Amino acid sequence: MFTPSFWRMKKFSESVPEILRLQQEMNRLFSSAGQSASIDYPAINVWEKDGAAVVTAELPGMSIENIDISVTDNVLTISGTKKAQELKEGENYLRQERIPGSFQRNVQLPFRVDSKEVDAKYEKGVLVVTLPRLKEDLPKKIKINVN
Amino acid sequence: MSEKELQKTESATAAEKIRNVKTFVPRVDIYETKESIFLIADMPGVDEKTVEVEMEKNILTITGWTEDSKLKDHSLLFSEYETGDYERSFTLSDEIDREKINATVKQGVLLLELPKAEKVKPKKIAIKAA
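Top to bottom, those sequences are chains C and L. So in my numbering, the last one in the first sequence is 189, and the numbering has no gaps at all. So in my numbering, the last one in the second sequence is 138, and the numbering has no gaps at all.
No incorrect hints appear here.
Derived pair list, reagent style DSSO-like, types lysine-lysine, alpha-carbon separation capped at 27 Å: (1) L:K42 - C:K130; (2) C:K158 - L:K78; (3) C:K163 - L:K57; (4) L:K124 - C:K130; (5) C:K125 - L:K42; (6) C:K166 - L:K57; (7) C:K125 - L:K16; (8) C:K125 - L:K114; (9) L:K42 - C:K124; (10) L:K114 - C:K130; (11) C:K166 - L:K114; (12) L:K42 - L:K127; (13) L:K78 - C:K163; (14) C:K158 - L:K80.
Note that these hints are calculated values from the structure, not bench results. Everything numeric in this text was worked out from a predicted model, so none of it was measured.
If we strip away everything but chain L, and leave its shape as in the complex, we get (with noise of 0.2 Å):
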């Protein structure tokens, strides 16, 4: 595993914030299944208050922000990893139901569901005899 692979990527693309935070690429999987393709999402430090999934056209954003990272009363010694917020855009195609979309949280992992669209879901076509 080379080093970048473990570390965190810093987005060059963000926008500008207001808040004085770096933001982070989070890393995903994404895998695809008859039914539907799902996506998951390393968010460390956010859980469902702080994450948002928008969809915009066919642009489906996720951001995250993390809050009191830092520990209160408590002197910083040794860092090898900093926080902030997260954000990503995913272009999704036409194949996607945008109604269904569904998202959890969990250990700062985020996991969407994006179910498929009935009329590009595989079809088995019956074969009658003649």
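Only chain C is shown next, with the shape it has when bound in the complex (with noise of 0.2 Å):
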């Protein structure tokens, strides 16, 4: 009568994509338990793809002349300054949440990074920063010589 509805359940091979998926997210969440919470802006997501890391930064209502991006070695720095808007005389603000500034973020990276081949893109407000690593520092593979 109660038994579990086994015709309804996907097939266990079609679900391990989606167990896997969770193991990391849940992975991911425990290895900062304890670390207090970043408040450093912007706040960055780091990606990875065949040894190339993209760093995404949500940077609303910039101008590219007011982001900077330099690599050295293995840090990727994003500094830039969000500017006011500047009232006239006779305007005020109702209600103030956007927070300009300045800002700097250093961001260090697990490897050196091909500064060359560094490539940013800023769109709706958006920024991702594709950081290559550096050839020399690719793992080799090593041939075996056999006698």
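With the hints as a guide, dock the two chains, each given alone in a separate frame, to form the complex.
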């Protein structure tokens, strides 16, 4: 009567990617437990693909001239100034929640970056910086000689 | 600056969505000039196609949603922010001319111009010499 309805369940093999994703999320969640949340601005997400890191940051309403990106060895620096709206006489704020000012953020990466190949995009207020690993540092395959 | 001020605020009041994403409250600046009231909302990740401004009676609602915020074929190593939808409502007074509301989006920032109705604009009264 109350047997689980197995026919409704997905095949186990179909749910494997979902389970793996869940496990990754859990690992990520617990690896930062205990540490105080970062108050650094901007908040960043770091992605990885084929040895290259991709750093994304939400920086709404900036102009490209006001964002500086630099890379030295394995440290990425994002800095800039968020300008305040200049009000004329007789104009006044009824509410101000967006915080103007300058910011700087250093991100240390686990590898040296090929600074010539760094690519940065700024679209819809989101900054995307692609940082490829230095070629000399990429793992090399070692051939085994047979006597 | 306190910690809270720099982070995105999740909306507690947003209606339950079918989409499995979080809803955030965009930060806004509102300032007033003689002619209009300007509303600036930070909504990173939205463009003109993914933002909506709606007027119902005197409630102005701005909504936005972000798509493909997840990078394809990439694995997430470290995360400090999440993406999702945006929603926030404002109650307008009668002094706003609803027909002339103007909205633009630039680099994830929504700018709304809410012009004041003619009747409430400050007028100078000419004084005649008797």
